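All chains should be modelled from the sequences, with the hints used to inform the complete structure.
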Amino acid sequence: MNYIYANCSDENILALIREQHDELAFETLYNRYFKSLFNYAYSKVNDQFSAQEIVQELFVNLWQQRENMHAECCRSLLFTIAKRQIISFYRKEATRRRHYDQWTIQRPEHEETADQTALVSDLEHRYQTGLHLLPPKCQEVFVLSRQGFANRQIAEQLLISEKTVEQHITKALRVLRAHLKEHIIYAFILSLIF
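Under the working numbering, the letters of the sequence shown match residues 1 to 194, in that order.
Since the hints were derived computationally from the structure, they do not count as laboratory data. Some hints here could point you the wrong way.
As the list claims (entries may be wrong) - Here are the simulated DSSO-like pairs of lysine-lysine, each with C-alpha atoms no more than 27 Å apart in a straight line:
#, residue 1, residue 2
1, Lys92, Lys137
2, Lys92, Lys35
3, Lys83, Lys137
Stated by the list, open to error - What follows is a set of in silico ranges between Cβ atoms, one per label pair, in the way DEER data are often shown:
#, residue 1, residue 2, range
4, Pro136, Leu180, 19 to 25 Å
5, Leu173, His125, 16 to 22 Å
6, Leu180, Glu156, 55 to 61 Å
7, Lys35, Thr164, 56 to 62 Å
8, Ala118, Glu27, 57 to 63 Å
9, Asn12, Ser43, 56 to 62 Å
Here the structure is a predicted model, which is why all the values come from computation and not from measurement. Virtual Cβ for every residue (Gly too), placed ideally from N, Cα, C.
This is the structure in structure tokens:
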């Protein structure tokens, strides 16, 4: 806390913020009230992150509207703004939930469209084609790695070093990534959908 303003009243600090755009006075006000405003917001929303966001937004708005602040009591002003921010938070939450609920009602959970099925089929075909571009030993190592075998197990099974296994996997990933480049975004989108 800035000791210059330690003995100033809240109203004097508000006046300094409003009239002189005094950032140190604003910092003092922030330090004085952040904890109590956070506790108040937390008691209403029961989520630390949301409570912190509410209080941060309160102070940002306060700074942006500093020239229009005319209050008899700073504490009541801050808690009134906090109350409005909390109401706004719940309105936004209700709207978000309503839109989410409508979206889930309109979109059945496991319904696949023809486009999704075709995309998955095309992606699987491209993956298999990409595998066949690999040299036989590289392909064998990569397939074993995707079946859950550890590099050491693959090395022992194929009588090669672990370093060679790593090199084969790296090469396979590089080739497949290049081959599937245009489909990677679709695969990501599908993973979000399902």
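Point to revise | Ascending list of hint numbers which this structure does not respect | key: Violated: hints 1, 3, 6, 9.
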